[in-house]
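Participant: Single-letter residue listing:
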Amino acid sequence: MSHAQTDTQPVLQVDELTVRLNSSQGLVHAVEGVSFALSRGQTLGIVGESGSGKSVMARSLMGLLPRRAVAFSAGSVMFQADQPPARDLLLMPEKQRRHLRGPAMAMIFQDPMTALNPVLRLSVQLTESVRQHVGLDRQQARIRAIELLGAVGIPDASRRIDQFPHQLSGGMRQRVVIAIALACNPSLLIADEPTTALDVTVQKQILDLLARLQREHDMAMILITHDLGVVASRADHIAVMYAGRVVEYAPAKTLFTAMKHPYTEALFNSIPRINDPSHTRLQAIPGRPPQLVEPAPGCAFAPRCQYAQPRCWQQTPPVVAVDGEDDHRHACFYPISETPAREDADV
Amino acid sequence: MSDQTPCHLRDRDDIVLRVLQLSVNFAVGKQTVQAVTDVSFDVARGETLGLVGESGCGKSTVGRAIMQLPPPTAGRVLFNSQDMTALSGEALRQTRTGLQMIFQDPISSLNPRRRVRDIIAEGLTIWGRDNASVRVDEVMAAVGLDAASAGDRRPHQFSGGQCQRICIARSLALDPDVLICDEPVSALDVSVQAQILNLLEDMKARYHLTMVFIAHNLAVVKNISDRVAVMYLGKLCEIGNTDAIYARPAHPYTRALLASIPDADPLAREQASIDNEPILQGELPSPADPPSGCRFRTRCPYAQARCADEVPQMQAVADDHHVACHFPVLTP
Amino acid sequence: MRSKLTDTGVVRSRAQGFSAAARQVFGRGFGPGFWVAAGWLVLVALCAVFADWLPVNDPLEPVIANRLNGPLTTNLLGADGLGRDILARLVHGSRVSVVIALSAVCIGMVIGGTLGVLAGYFRGHFERGLMAVLDVILAFPWLVLLLALVAFIGQSLMAISVAIGFLWIPAYARVARANTLSVVQREYVLAARAMGASTLRILLREVLPNVILPVLAYGLVAMGLVIIVESALAFLGLSVEAPQPTWGGMISEGKRHLATAVHVALVPSVTMFLTVLSLNYVGDRLRSRFDVRGSNL
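Protein chains in written order, with my numbering: chain A, 880 to 1226; chain B, 343 to 674; chain C, 8 to 304.
Be careful, since some hints might not be right.
[What the hints assert, rightly or not] Simulated coverage check for chain A against chain B, where a stretch passes if three residues somewhere in it have a Cβ under 8 Å from a Cβ of chain B:
| id | region |
| --- | --- |
| 1 | 1006-1014 |
| 2 | 1072-1083 |
| 3 | 1118-1125 |
| 4 | 1150-1157 |
[What the hints assert, rightly or not] Per label pair, the in silico range of CB-to-CB distance:
| id | chain 1 | residue 1 | chain 2 | residue 2 | range |
| --- | --- | --- | --- | --- | --- |
| 5 | A | Thr993 | B | Thr374 | 23 to 33 Å |
| 6 | A | Ser902 | C | His132 | 29 to 39 Å |
| 7 | A | Ser952 | B | Asp460 | 39 to 49 Å |
| 8 | B | Ala428 | A | Thr993 | 38 to 48 Å |
| 9 | B | Thr374 | C | Val117 | 33 to 43 Å |
| 10 | B | Gly486 | A | Pro945 | 51 to 61 Å |
| 11 | B | Ala428 | C | Ser163 | 34 to 44 Å |
Just so you know, these hints were derived from the structure itself, not from any lab.
Using N, Cα and C, we set each Cβ at its ideal position, and we do this for glycine too.
Can you make the complete structure from the sequences, with help from the hints?
Facilitator: Written out as structure tokens, the structure is:
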């Protein structure tokens, strides 16, 4: 976890990213005004439930959304792999973007089974990108692939490399997916729910592996999850997403000690805690996550928020920084520490 | 009780469900997969037993074998002292209504072509109970569904959380004694999970249910269970009082599981002894060819020669805390 | 005045609500092509039912003067080699096509569908045995089998329907079995058993409603193929006996005049082409809508 961001340009600088998608029901406001910056060696955790827009955002950063699906996108995504200047990915032609995927930025997905091609041997899938982007010949590529498998902790790599994906366990498959993603030494790795499909002991192995590889390669990493626990001790910063917006962004420690947004608090309180005695009553969030199709005005969390005021139903709260802390931002008119002010507003 | 009754079974009058030496084998091609081997436990009236373990440990198979769906290969399931494995045909259909199940995927648990009211009333219709519609209204209200507006709709018009409420209402309609919950919240959004867990607690109190709660999430299991049973590769490793097991896990596998949980609260990690537990290495062995002796020995940091030769039997390490390990980790 | 306004408002909103609901059930995803195809099929069906009452000429009466006349002359769609009105023969011939298509598909669907559902639900020896028999039927050259069947049971409309329907049993059995297999894995079947539902009840209430729609949709596609099979039989002179008009028979007769009067073969060919295309299109659309995996379950 290095914090030398003052002297280096961030790898990724996202400003007011907005993505709207076409659907049969109407326009889906999937991502609304998301901003953050990420430097080498840093991890950004993005936490949100299904439908919070976290996966759409990741895919739009990678340029993996089908062109027909995107109705509208705005904002800027400045990306700088090795040397300046940073370039806006949204303005880049698809052909150039394709050359970035693999050597400069890579992504791993939730389901390691569907991320691998079931009819191709691992050797083929592992060597594909190094041969295409780095230009190694067949023999060199195979040696590199065996190295990669060893680096992600697959024992007996020189034998495993000739196997098919179905011959591996779920955890092993995810290791292979990670090896493929890292084959060309990307500067940015986006991991979209990398451990959701895995068992808890395997999850720990995979998260430890990702942390180690990030350190070794000095990558920037975006770790997307629905589980606050996964990012709590592994991310430098955490962004909490709800209905397409980042409702709170803070350094990991700060988020847990001084959370400002009622959704962050409600999410945190609704999770059963391993240290609580059994039969502890959970503080459930009433209602359900909102539809992103043609959303109503106002704060999207207002219908489920125990602190909601009339204003919350009418105006969308802007993202503001907490006094004196530049990297702690939230989007709430009545953030948590200001409880008394809430009562004033009522009068 | 006979001589071979395992020591962790309790000699009490209020045992609703007793599972004795349950084994389930599946034929996969020419191989026989031992999904569940020699599992015994009991559940007292009004109790919730949490059954935890990772995928492939056989916990869901146990749940279905209790329901005789399909019947187990060996062993007995005593429901209110009646041996369900000895029943068949009409008698089994009758007895089985005393146990109901809810499943992981609420959407796949509901027939998409039927209306919600018919789905919930199904059990009552089958048995020709009187006042079915009154009962349906009652259970729908109990799980927080509006009978008037929701009853005539079809499942795809509801969210996952609401579908799980419909499933719960359906399972309650026949007024069962035992509710077997197979990963009921793992397909749901985090913010909806708590609603369903609280609802299950409420329903348990309101309808005097006894529950078997199957899940892989240890925090969820701890929240809802009175007792916990940990399974690994088809066998029971550890069983006992929930707070005791979470505070002083004695089986190396239980310890590894607890050490792997990512805690949402980084400031409140008090299980320091468990944090130093080595993370599990290696792969889950094939259930078609399980290791000799203790099934966990191939991945156990404390394994010794004896573990390969001798199958560990359940032994008491504390009051209502039993572990199947030759070398349990005992903490004061 | 005021109340009147409100009333119309209510009516309109109700109408909108209905059209929205209708759109949800039927409209979305079907598109205009579906309705054109469905319209053509309705037209063909109406012709078949009301052939005797429609204002067309006698399909059997030869008018030598009109021999091989082209369309839009003495006859709207021209006349054939014996001077019979092609439009009238098309309308009456649709009867044979529709009756054979419907009855053959029904026979195949009922027998094959039932066998397939039972095989998918009970599995085991029954499934293996049934599938082996069906594979044998499928492997048999269908035309030879059909010729043998028709030679054995005769050349009536009924006999031909039964023969073609028999040929379709394996296909329906396979579609029904595949859909049943995926339905049986769903937990609602397990839940029904837990509630003490009998096997018959599970089959009728839980399995059948989820299998029948994809099977019906497949039936529409199969009807198109049945019409082609019938025409192939007619081409070989083994369909319904002359002089009863059938589309296949008309094409077969028209081939003699291909050099001089193309329309004699072309008009029934185009009619058949449009009908088969419409059946495929409508069937395919319905199938994708009702596919167990594809639908929004």
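Participant: Look at each hint and say if it fits the structure.
Facilitator: Do the hints match the structure? See the list:
no.: 1; hint: 1006-1014; verdict: violated (count 0)
no.: 2; hint: 1072-1083; verdict: holds (count 6)
no.: 3; hint: 1118-1125; verdict: violated (count 0)
no.: 4; hint: 1150-1157; verdict: holds (count 8)
no.: 5; hint: A:Thr993 <-> B:Thr374: 23 to 33 Å; verdict: holds, 30 Å
no.: 6; hint: A:Ser902 <-> C:His132: 29 to 39 Å; verdict: violated, 48 Å
no.: 7; hint: A:Ser952 <-> B:Asp460: 39 to 49 Å; verdict: holds, 45 Å
no.: 8; hint: B:Ala428 <-> A:Thr993: 38 to 48 Å; verdict: holds, 44 Å
no.: 9; hint: B:Thr374 <-> C:Val117: 33 to 43 Å; verdict: holds, 40 Å
no.: 10; hint: B:Gly486 <-> A:Pro945: 51 to 61 Å; verdict: violated, 38 Å
no.: 11; hint: B:Ala428 <-> C:Ser163: 34 to 44 Å; verdict: violated, 58 Å
Hint compliance for this structure: hints 1, 3, 6, 10, 11 are not met, and every other hint is.
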